[in-house]
Each structure stands twice: as C-alpha cells, then as structure tokens.
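Novice: Note that UniProt numbering numbers the sequence shown so that position 75 is 75, with each residue one more than the last.
Because the hints were derived from the structure by calculation, they are not lab data. It is possible that part of the hints are untrue.
To be verified - Label pairs and their in silico Cβ distance ranges: (1) Leu120 / Arg140: 36 to 44 Å; (2) Gln13 / Arg44: 16 to 24 Å; (3) Phe135 / Gln72: 25 to 33 Å; (4) Glu91 / Pro27: 55 to 63 Å; (5) Ala98 / Gly32: 52 to 60 Å; (6) Glu91 / Arg58: 50 to 58 Å.
Where is the CB? At the ideal position from N, CA and C, for every residue including glycine.
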Amino acid sequence: MRLPRGTRAELRQTTVLGDIYLALLPPADGAGPLLGDGDTISLRDTDPGPQVEEMLQRIATFVNGGSITRLQDAIARLDSVLPDNAGETRELAAGVAADVHDAAAGTAELDRTLAATANLSQRLHDMRDRLGFMFSDTARRRLERVPQFMTAVLNVVIEGDVTKDAVVLLQVIGALR
C-alpha cells in the first residue's frame, strides 16, 4: 500500500461493542512524497477516536447531570400554566405559532432597523467631541448671545447704521469665540 505524507491514522469501531481497527486516511489532495519504509505518522496526525467508556461516561453525565431533570422541570412548569381544556391549548399553540411565523417574516425589517441603529450609534460615537461641546456651558453661553447678535445685524440691515450697533456686534462676536 502506498500512502502519501500527511496521511492520518484513526482508531475506529463499526459498532459500540465491535472490534477496533486502524483507518489510514490520505490527505484530500493525495499529492506529495510517499511514506517510505520506517517512516512514521506523527502524533499530531493520529486520533484515538471516541472510546466506548468515554461515550458511556458522557451519556451518564447528561442523564445524571441534570439535563433531563431540567427538561422535565421545564415541561412540568409549562404544563402547569397551560389551560386544562385541550381545545384552548391548541388555540394558544396556534396563536403562538402564528406570532412566531409573523416574527420570522419580519426579520428583514428587523435587520434593517438593527443596521440603521448600528450606523447611527457609530455616527454618534464619531461625533462625540462635537456633541459634547454642543451640550457644554460654553455652547450654552454662545447660544444665549445669538438673539442679541441677530438683533444687531437686523438693525444694521434695516437702519444702515453700523456705528449704532457696532459695540453690540463686537461684544457678541467676542463672546462667540
């Protein structure tokens, strides 16, 4: 038998209590130099496979570890809140099934909403310094001066007299800096 380098060795069983045999699995591409006399398959390319004892231990852990008990408890709690009348229970189940179906049908809209929310969150994060300034005391003081500034500008436009409101304009401009 010719085997390329990179061949994997696994211990396998055909049935739970069957004999163990060695499976040699060549790499998917099957290319490369061949193993020669005296070559070995490295430990990283070997797999002992699942052992019967290990599988039985996992089953015992599952059964005794509470998974089945928790499932039984959940079913008992569900049974305690369901109506005694089977027809009512069927109606309730049909309503739940319809709600789940409607929710599943709306996942595209939910995806769009979540994407838009993520986009908005990122934009707000990117603007945090500017937003922080907008809500600062400095911004509040500047905003309080806007009506005075607008009044002074309108007086200049309407009356054409810059000298009358020049002092107010200079004060407001100075405060806006």
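Novice: The structure should be examined with respect to each hint, and the outcome stated for every one.
Specialist: So, going through the hints one by one against the coordinates:
1. Leu120 / Arg140: 36 to 44 Å: Between Leu120 and Arg140, where Cβ atoms are some 25 Å apart, the hint is violated.
2. Gln13 / Arg44: 16 to 24 Å: Since the Cβ atoms of Gln13 and Arg44 sit about 22 Å apart, the hinted range of 16 to 24 Å holds.
3. Phe135 / Gln72: 25 to 33 Å: 55 Å, violated
4. Glu91 / Pro27: 55 to 63 Å: 58 Å, holds
5. Ala98 / Gly32: 52 to 60 Å: At roughly 58 Å between Cβ atoms, Gly32 and Ala98 fall inside 52 to 60 Å, so the hint holds.
6. Glu91 / Arg58: 50 to 58 Å: 41 Å, violated
Comparing the model with each numbered hint stated earlier shows that hints 1, 3, 6 do not hold.
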